[in-house]
Amino acid sequence: MPNLTDHQRPVPNPWNIGFGIVALAAALLTLLVWIPFDIKGGVIEANVLGKLEPGDAFFPALLAGALVVLSLIQVISAVIDRTVPDPDAASGKLTTDNLLFLCLFYAIVLIGLTVMYWLGPLTTEALKAVGLIELGYRQLLDTPPYKYIGYIVGGFGMTLGLITWAEGVTRPRAILTVVIVISVSILIFDILLNNVLLPPNADF
Amino acid sequence: MDLVLDYIVRGVLEVFYTADGNLDLLPMMMVFIGLVLGIVVGATPGLNGPFAMALSLPVLISYFGVSDEALLPILGFLIGIMKGATVGGAVPAILFNTPGTPDAFLTTLDGYPMTQRGQGIKALKIAHFSSASGDTFSDIVLFLTAPVLAVMIERVLDLPEKSALIILSLSFMAAVAGNSPIKGLIVGLFGMLLALIGTTLSGDGPRMTFGIVALGNGLPLTSAVLGVLVIGEVFMGIEQSARDRMAGIAALIKPAEGDNSFGWKDIREIFPRVCTSALIGTMIGALPGIGTTLAATLGYDTARRLSKHPEKFGTGVPEGVAATEAANSSVSGANLIPVLSLGIPGNFAAVFLILAVESVGDFTLGPSVFRFTEIKEIPDYGTLINKDLVVAFALFTLMALGNLFNWTLGGWFLRSLGIMVRIPKTLMLPCVLLITLTAVYAQDGGFVAIWVVLIFGGIGYILRRLDISILPFVIGFILSPKLEELIRGGYSASGGDPLFLLKSPLALLFIVLAITIITVSTRRAGKKKV
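Protein chains in written order, with the numbering used here: chain A, 1 to 204; chain B, 1001 to 1530.
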């Protein structure tokens, strides 16, 4: 028997086991909590003629049941399967770095979207408070520059923020690109298309 | 035969004339614009056909609306993108060794060495000829087989068989896409479950909404699919770009001059490889979920085995470029065979065609499309006709137009796009994110669509990171309502027999096949790891 170091010894892949356990937990939660509490109809119901018919929960319960079985198979097969771990493998796992990236990405996007949503209403309220305008954001939804202000500032901040993060520096070409993209978006979605609204105007 | 011809002629005329009989060149123009955009997108690193189709669909729906008249221009544009992107993908692979898709990686094996020898333009001409040939062959097979298959399916398959066939398709996709069939099946079923959020069947109101009123109309389908496909890829691309920057990775480009002529001698040399690869790609494309990568791999491998000088493959031989491009392009037409005959999408491009059909007009995909019902003129009423069949033949006409544009103008346009590969991903992807968010907001009219896109983008990112194919998830999400309808109908029709799926011999065969495919492919995947 050759001597194997810890890195060369075949072991079950913890990510495969973890995936199975998470899937099993989600399937059981769906079957035992989500479906019973969030679907008013039953799995099988009697209709007015007394004939048994599938209820609203029939298909979701069938899917969740199948998921329980498959997740169990996944857990068992992952425990049985043994492979030599590859510490350098980039895929097949979620690292702390990946999660950190995801959080940062969402943070930049959410900040951009928050600015996009609130800047227009806050600006109009501020201008109204100092007596420069008389109408609120709702009444000015179709009036430039109010209808563009949130989209331009929020969209610009979000997009330029992501580019700067990816490139490590804010270059003039990035600023120019974002300005062009936002201008083209306004041209398409606001000027050429009459029956749609730019974000966030449909929410007010 | 006269009836068939009558339907074909009406389908062709549907593309060129309005219902009032006026000449209408809009659908044809949309195919052309879509093709041009598709080639540009295919030639741009970080973008691909389904990506552009995903972005275009909400814009097209916002512009054209959802009436019957809007269907052909929208489908024409999407078909143009699909065809253009397939051929355009060769540009970055050949000129700059930057494949945008896994199958384009095989194009780099011989395409990039040709560029290094100064024969990049010749490699692009070979790629265009092979790609257009493969695509045309595949479309002809589609035109001939889809109606026949659909008629057979309609005669043979009832509710249990159709349910079992969807289960078989999902199992097949889980088995061939990604490394673990069981994981693929699990995410496919989760996709199905998520698709039920906010759906309503009875008077009991919407289901599985977590009490969130905004979900009462269901999850916006396009936003969810866009999230997994586009935003998930944007997450991956930006993360990779940031890591590459930190690692100091940069592409090097060395210009060179060489023989770039492409004539009959070259065509004679590559033609046998083009034919073999087109056949392989078409056969693979007809099976749901396998996709272009396997077709390109098999096409390249077969060409190498059949070649008189297999040892030269990988050093810049035209046959290598031809085999790969013909194989991956011939998948796209054949992939519409399961779409048109069954309503089951075989790849991402087909997903967006189905989304378009489901969102616009009252055209229905599936076996009933190809019912050649008698055409009757009724005075003071109109014409009794299977309108879906006319639209199907109009769709074929649009595809034929796409091929015509591709053959005549595609090659020239393709060769002029070397500049596109210089656009960095770091600039492109954040802009794609902003356009996607704007497009889904415009289509669905609210921030709910943006939240759905971002949440499903996170799902897409995590699945990619875990090395699980997103295809079963997306297909499961799309097919869920159809499978529910079929299973509920089959269960009720059987009088409440819980084993109704196993009572029909054909349905039983499909279920056994599904289990066999998953078992065999799981064992194979296990052996590969060891």
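No lab work stands behind these hints, which were simulated from the structure alone. Treat the hints with care, as some may be off.
Ranges of calculated distance between the beta carbons of each label pair, as one might list FRET restraints [stated by the list, open to error]:
1. B/G1203 / A/L28: 55 to 61 Å
2. B/D1362 / A/R171: 45 to 51 Å
3. B/E1485 / A/F204: 17 to 23 Å
Cut-off 27 Å, straight-line C-alpha distance, at most; resulting in silico cross-link-like pairs (DSSO-like, lysine-lysine) [as the list claims (entries may be wrong)]:
4. B/K1376 / B/K1387
5. B/K1503 / A/K93
6. B/K1387 / B/K1425
7. B/K1482 / A/K40
8. A/K51 / B/K1308
9. A/K51 / B/K1387
10. B/K1387 / B/K1482
Cβ coordinates follow ideal geometry from the N, Cα and C atoms, glycine included.
Against the structure, the hints:
Between B/G1203 and A/L28 the C-beta distance comes to about 29 Å, which lies outside the given range of 55 to 61 Å. Taking 45 to 51 Å as the suggested C-beta distance range, the pair B/D1362 and A/R171 conforms, at roughly 50 Å. Between B/E1485 and A/F204 the Cβ separation comes to about 37 Å, which falls outside the hinted range of 17 to 23 Å. Between B/K1376 and B/K1387 the CA atoms are separated by roughly 12 Å; this keeps the pair inside 27 Å, and the hint holds.
A hinted pair counts as satisfied when its Cα atoms are at most 27 Å apart, and B/K1503 with A/K93 does not qualify at roughly 42 Å. A hinted pair counts as satisfied when its Cα atoms are at most 27 Å apart, and B/K1387 with B/K1425 does not qualify at roughly 44 Å. Distance restraint check for B/K1482 and A/K40: the Cα-Cα separation of roughly 21 Å lies within the 27 Å cut-off, and the hinted pair is therefore satisfied. Between A/K51 and B/K1308, the direct Cα distance comes to roughly 70 Å. Violation of the 27 Å bound is thereby established for this hinted pair.
Straight-line distance between C-alpha atoms of A/K51 and B/K1387 comes to about 37 Å, which puts the hinted pair past the 27 Å bound. For the given pair, B/K1387 sits about 22 Å from B/K1482 by alpha-carbon distance, which is consistent with the 27 Å threshold.
Of the numbered hints stated above, those contradicted by the structure are hints 1, 3, 5, 6, 8 and 9, listed in ascending order.
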